[in-house]
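Engineer: The residues making up each chain are set out below.
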Amino acid sequence: MLGRSKLVLGDKSFKDVTEDICEPLEKLPGKPWLMMFGAAKTTLLFYFGVLFYIAYTGMGTMGVSHPIMWGTDIVTFVFWVGIGHAGTLISAILFLFRQKWRTGIARAAEAMTVFAVMTAGIFPLMHTGRPWLAFWLFPYPNQRGPLWVNFRSPLLWDVFAVSTYATVSIVFWYVGLIPDFATVRDRAKNTLRKNIYGALSMGWRGTNRNWRHYEMVYLLLAGLSTPLVLSVHTIVSFDFAVANLPGWHTTIFPPYFIAGAIFSGFAMVVTLMTLVRIGFPQIKDYITLDHLEVMNKIIMTTGMMVGYAYGSEFFIAWYSGVEFEKFAFVNRAFGPMGWSYWIMVSCNVISPQVFWFKKFRRSIPVMFVVSIIVNIGMWFERFVITMSLHRDFLPANWAVFHFKFADVGVLVGSFGMFFTLFLLFLRAFPMVSMSEVKPCLEVGRDGGGHHE
Amino acid sequence: MKDMQNNNEKKYWKSIDQLENEARFNEMAEAEFQTSPLKSEDGNDGLARRDFLKLMGASVAMSATACVRRPAQKIVPYAKRPEDLVVGKPNFYASVLADELSGAGLIVRTREGRPIKLEPNPANPASPKGISTRMQAHCISLYDPERLKQPKRWITEENFHDRKWNLLTWEKIDDEVIGLLEKENVTLITNNYSSPSRKALIDDFMAAFKGSKSFVWNPLVDSAEASAQERSYGKEVSVRPLFEKAKYIVTVGADFLGEDPRAHEYATAYAKTRNPDGEMSRLVTFEAMLSLTGMNADDRIRVKPSQFIDVLMGLAHEIVVTQGNGTVNSSTKSKLAEFAGVAKKLNIDEALFSEVAKDLWKNRGQSLVLTGGTYAGVENAEDLYVAANFLNTILGNDGKTIDYAKNNYTTVNAKQSDLEAFLAELKTAKNKVLIVENLNLVYYGGETVKKAIRDFQDAGGTFIYMGLYQDETGDMADILLPIDHSLEAWGDAEFHKGVYGIQQPTIRPLHNSRSLEQSMLNWAYALQAGSKRLQGSETYYDYVRSYWKSDILNNSKNGQAFEDFWFELLQKGVYGELAENVNLPVRSFKQAALASISTAKSEGMELSLYTKAGIGDGKYANIAWLQEFPDPISKVTWDNYATFSKATADKMGIKEGSVVTLDVEGQKVEVPAYVQVGQHDSVIGLALGYGRTKGGRVANGVGVDAYPLVKRVNSKAVFAGRKVVAAKTEKFSPLANTQGHNTMMGRQIIVEATLDSYKKDKSAGIHKHKFLESAWGKHEYKGYRWGMAVDLNSCFGCGSCVVACQAENNIPVVGKKYVLEGREMHWMRIDRYYSGDMNNPDSHVMPVMCQHCENAPCETVCPVLATVHDDEGTNSMVYNRCVGTRYCSNNCPYKVRRFNWFALTKGDRPEDTPREAYNPRVTVRSRGVMEKCTFCIQRIHDVKDTAKNENRTVRDGEIKVACEEGCPSGAITFGNMNDPESRVSKLFESQRTYKLLEEYLAVPSVRYQTKIRNAKRENTDHHGEGSH
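From first to last, the protein sequence lines stand for chains A and G.
Mapping the first sequence onto our numbering, position 188 (from 1) lands on 188, and the numbers just tick up by one.
Mapping the second sequence onto our numbering, position 771 (from 1) lands on 771, and the numbers just tick up by one.
Derived from the structure by calculation, the hints contain no laboratory data.
Each hint should be verified, as a subset may be incorrect.
Here are the simulated distance ranges between beta carbons [to be verified]:
| # | chain 1 | residue 1 | chain 2 | residue 2 | range |
| --- | --- | --- | --- | --- | --- |
| 1 | A | Y56 | G | P708 | 41 to 47 Å |
| 2 | A | P139 | G | L55 | 32 to 38 Å |
| 3 | G | P708 | A | G338 | 41 to 47 Å |
| 4 | A | I252 | G | H941 | 43 to 49 Å |
| 5 | G | A58 | A | N142 | 17 to 23 Å |
Covered by chain G, according to a simulated footprint, are these stretches of chain A (three or more residues, beta-carbon under 8 Å) [what the hints assert, rightly or not]:
| # | region |
| --- | --- |
| 6 | 57-63 |
| 7 | 142-154 |
| 8 | 389-397 |
Some, not all, of what chain G presents toward chain A, calculated at C-beta under 8 Å [what the hints assert, rightly or not]:
| # | residue |
| --- | --- |
| 9 | H741 |
| 10 | R823 |
| 11 | C862 |
| 12 | P863 |
| 13 | R898 |
Glycine is no exception: its CB is placed at the ideal position from the N, C-alpha and C atoms.
If we strip away everything but chain A, and leave its shape as in the complex, we get (with noise of 0.2 Å):
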């Protein structure tokens, strides 16, 4: 039979976990991570700059025009939707399964995921021609008649599938962090820091009634997301799906956009835990390997997914006998826009296949690499499946769409944002949940040896 590898390296005390995780919000910070700071932040004043250019000027000063009317907004809000789709499948679905390797990851990974779906917000409010009335989309009471929203738009719902997400991702992150706020609490030598995490461990005394109510708290919230995890991004999916146009108006979409979500997600998190590896040495005995590599087999398995769904398009297109539907699939690949075809295949189908081989599945440059190309052709899934609107019904309205400096602006802006809010949780809070990483240790269990 084979072993299991261990889920913590290095022979780890409870002791260990709670000084290795603790240490960075201990410690002044180092060089690498001001210098990653400082470009975040300073990305993240441009993308302010970029977003106050576009709400003063109009909408005209990026690339969506007639008939293209959505673009890189769009592309990049349903792209950082995706991203976030990897915490909350990674801290609830694999929590409910049981699956202990999960407890490395989970709180970056979450982490993650709340800053991709607040970075993901800032895009479908800031692409409406007036974001300032933008509230009108929530229904609430007015007195305009009332006037209500339209419940039939998907528009709508995906303002409910967003906003529902984002509060229990955010609510399932912070009760999980609780713990480990108390740890930090505890060990806190100033008063300031003491009165800080205490107050957001939330009086946390670790007693045997505090940990039933959080064990079950949390069990409760990991099933409430795992439906959230499948039904944002198929109502985000909708937005195209139930639209009429020739390449939008396909039922594959719910479980193309999640795999593609899972995919792109996933990716993500290899991106960022390779990096964390780098900053933070001993994280490497938590984050390990075997995660990566585990990590990776999913990228490859749903990366393929796509790749089926790419090619189930092309045949469901030519099946349906639609003439429209037909040519939106050929001028995909072949039309004027098609580069953006071939990246998106490249990227998405055909980069991932090198995590057949052990020795790249378990080489942090090589993932390092194909997490970020995933991670391009994921963007430019999204992106080729909203350019369905360059060509569609009458031929008299085709167009090409052309990328300006406020496309460029928003996409390297959003990445600013997340990575200052990524950079800031860090530093602030534990980024492994000791918690849970402890019950996975050797420590204490009967006869306290080694097991082979």
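Since the structure of chain A is already known, use the hints to place chain G on it.
Structural biologist: For chain G alone, kept in the frame of chain A given last:
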């Protein structure tokens, strides 16, 4: 007990108060609070606690919600209301628009005294239906902020650098001019005009100042026609083709549906003959470039301009010699013999050519051979006309389909020769005063004219320019005088012989302007010169009235009292009628006229200068609507370009936007290229009217000036057939093209059938889907249900509707930069597709506006319900509710929605529509809002209100939407689909009707009727007939 207690118990007190004043203290001690939370007792101790909390809450709330509406400031409108003016209701005045070379009866819609839209006057017998794009846009030129506003004098100080414009009063100007006129004579040159009163006045004025000379010139006037008439028939006359009577039309270079100044008039007449259920006419076009006429022709043959003469003479040869018809003398016969085998020489399908000749003869007396215009403005244009006259004579069309005496055109006074005569006159500098009125001589005439004027000024002459702008010519003037816009002045027009229109001013002059006519009257009066009529009229209004009284009413001898007549005239706007039936004898053709005709030499590439439907001769270049109007053929805005045929472009490696150098006998221009399918391979086209340098902020720098390429020799203007050498440069200048793709990709978009197949099957060409089941329930329409029928068979693609819609609905202009990005705002567009052989394709046009679908895909996806279905079937857009998600546009299969990408109505860009020109009935849309065709909902409501007040339902045809009203050929019909008797319902029942993208099941309320071509070949570009 009590007493005891009182007396004997020890008394404790809490305070001095208790001890001293028991009653008050007890009251206080019993009360729970020392002060009332509700209200202070005496108001002296400041605010009560509860009040304080209230105020604090309010101030917090107010500081949080600083957006308080401005207080209402009431004003009282019109304490003394002018008669006939109801605020919010439009007033309509009949007037005319006498464009330089044509005219139309107008109804001017005014609101609160401001003219806001020009509409055709249905009382005008010649052009009752539509007006041209330029006429539509004429209205906003009134409000052009760059119009000349003040009389100016160019003062030359001793130091050259101190030359400057001085603003002067009219009194000062009058003093100076009168002083000049006392001593000097005048040379006057004006643009062409069709006003009889003005002609009389100028004649009177010229008579008063003997030695003065007047000239009339227009850069595009086709004076070859008149001279050819003289050469052919011995008398100069301007004839009028009667399209409504023609069964078979052959055009050689003539673009009567597009470029012709009277295209709006001809389109109306021609459309009448295109009824496939009646006797449908057939149009065969020989042309070099693709024109609107060629696009709509049943058969189109490519010929280069220099060979037009071969076509006409070849047809004559075919009819007379080969087929032995008609009687001609022997010299003519031998002349015609030179043109044997033309079809072969020109590479034309010989069978088709001889069939055309046969059919012309078969339809003799009912056919029409046309030539002329700038497309046919070759060196020997007169020969072309003579040959066409000859054909029309032998075919017996003269006097039948060609009206030379009854209601022909009488008022084209301009001659190309006038320019030469004028320049010669100027050179003598005998008359020291030069007046140029409403004619941008320097722009049209170029360096030659510029130099002549300079010389004249150097010789001590005074140059007075009277115009609407300080343009290229105005900039050279000594005295610069603003004239009235035609909507500000009295005037009249003679459309045809015996058909007159009266031009009423609809607004007082906006600026300190005065018309030429009024100035002449003032000057003549001051000098006591000229006839009684000249001196006796205080204003031009008086002059017009006296002219009409003496010259028009008296001649008509209808015995009406003048005041009655005048009042009726002002109401109706038009006087006189067209003859019911023109049946004049065929004039005898002087066969000697043919003697000098010879086949022209043609080698290499030939230049073809033309004018575009939007910009025309360039006079209206400062109107942004027209600059952004997509050319009906190329769909390009904001530019002119050298057009190349596909084969030539491929050979030269030219793509749309490649910059090329055109070298025309030494004159060079650099201009971007456009690949125009259907153009003759050895022709390069270029539009006139662009490249203005002092046309205004909109006009300046748009395109290149092609006027220097017009050859003006021997009293002729040569527009076509000049030798041109093109060279490709490495530069690239993108063209703002509004259409993305030019073929239908085999989809059922524009359905076309030949007349033969239509006769067999009324729904020929329409591909029907057997199973079309909608998942949606049907809406219920209790009252009206609005629908629109667009007859593609009557639509010629001129685009007049596009500008009419723009004028009616306050549609902003975005400018070239944003058209390039696809941000143009037109609510309706004309899609133009090609099919078949791309060397000489069939062209198809289709107006597309919001289809007001029954199952509108846009409605379901809007998250905030900003686009909703109303109970009369229209799809309404609620601008105020729109947050701009643009989902509606993505889900619209027709992509007719337009988004306000920027704030386009702030009025801070030169292209912005002047605010005065906005239609107050239509909301001006802000940034970030979606918009689209509303079916002119404001017009629907206006008519419905009227009907309701009169306690009746809306009559069919009572609502005219803007595009319908602007359409010269009557292709658009709007009405109530719920009324089975309405025109729309009847049209919808026609088997020729189909829905655009029917299988999509949006069930549009706009439906189209197939285009029928009276031709042999079937159009194969869409997926055929039958059903599946």
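Engineer: Go through the hint on H741(G) and say holds or violated, using the shortest Cβ distance to chain A against 8 Å.
Structural biologist: For H741(G), the interface hint holds, since the closest Cβ of chain A sits about 4 Å away, which is under 8 Å.
Engineer: Quick one, is the R898(G) hint okay against chain A at 8 Å, beta carbons?
Structural biologist: Check passed: Cβ of R898(G) comes within 7 Å of chain A, closer than 8 Å.
Engineer: Taking 8 Å as the C-beta cutoff, is the stated coverage of the region 389-397 of chain A by chain G satisfied by three or more residues?
Structural biologist: holds (count 8)
Engineer: Does the beta carbon distance between Y56(A) and P708(G) stay inside 41 to 47 Å, or does it fall outside?
Structural biologist: Given a distance of about 45 Å, which is inside 41 to 47 Å, the answer is holds.
Engineer: Next item in the hint list is P863(G). Is there a CB on chain A closer than 8 Å to its CB?
Structural biologist: Hint holds; P863(G) Cβ to chain A Cβ min 4 Å, cut 8 Å.
Engineer: Given the hint of 17 to 23 Å, is the C-beta distance from A58(G) to N142(A) inside that range or not?
Structural biologist: Check passed, 22 Å falls within 17 to 23 Å.
Engineer: Using 8 Å as the Cβ threshold, decide whether C862(G) counts as touching chain A.
Structural biologist: holds, 6 Å
Engineer: For the region 142-154 of chain A, count the residues whose Cβ lies under 8 Å from any Cβ of chain G; is that count three or more?
Structural biologist: holds (count 7)
Engineer: Confirm or reject the claim that I252(A) and H941(G) have a C-beta distance inside 43 to 49 Å.
Structural biologist: For H941(G) against I252(A), whose Cβ atoms are near 46 Å apart, the range 43 to 49 Å holds.
Engineer: How does the Cβ-Cβ distance of P139(A) and L55(G) compare with 32 to 38 Å: does it lie in that range?
Structural biologist: For P139(A) and L55(G) the Cβ distance comes to about 34 Å; the hint holds.
Engineer: Within the region 57-63 of chain A, is the number of residues with a Cβ closer than 8 Å to a Cβ of chain G three or more?
Structural biologist: holds (count 4)
Engineer: Note whether the CB distance of P708(G) and G338(A) lies within 41 to 47 Å or breaks it.
Structural biologist: holds, 45 Å
Violation of the numbered hints given earlier is absent; every hint is satisfied by the structure.
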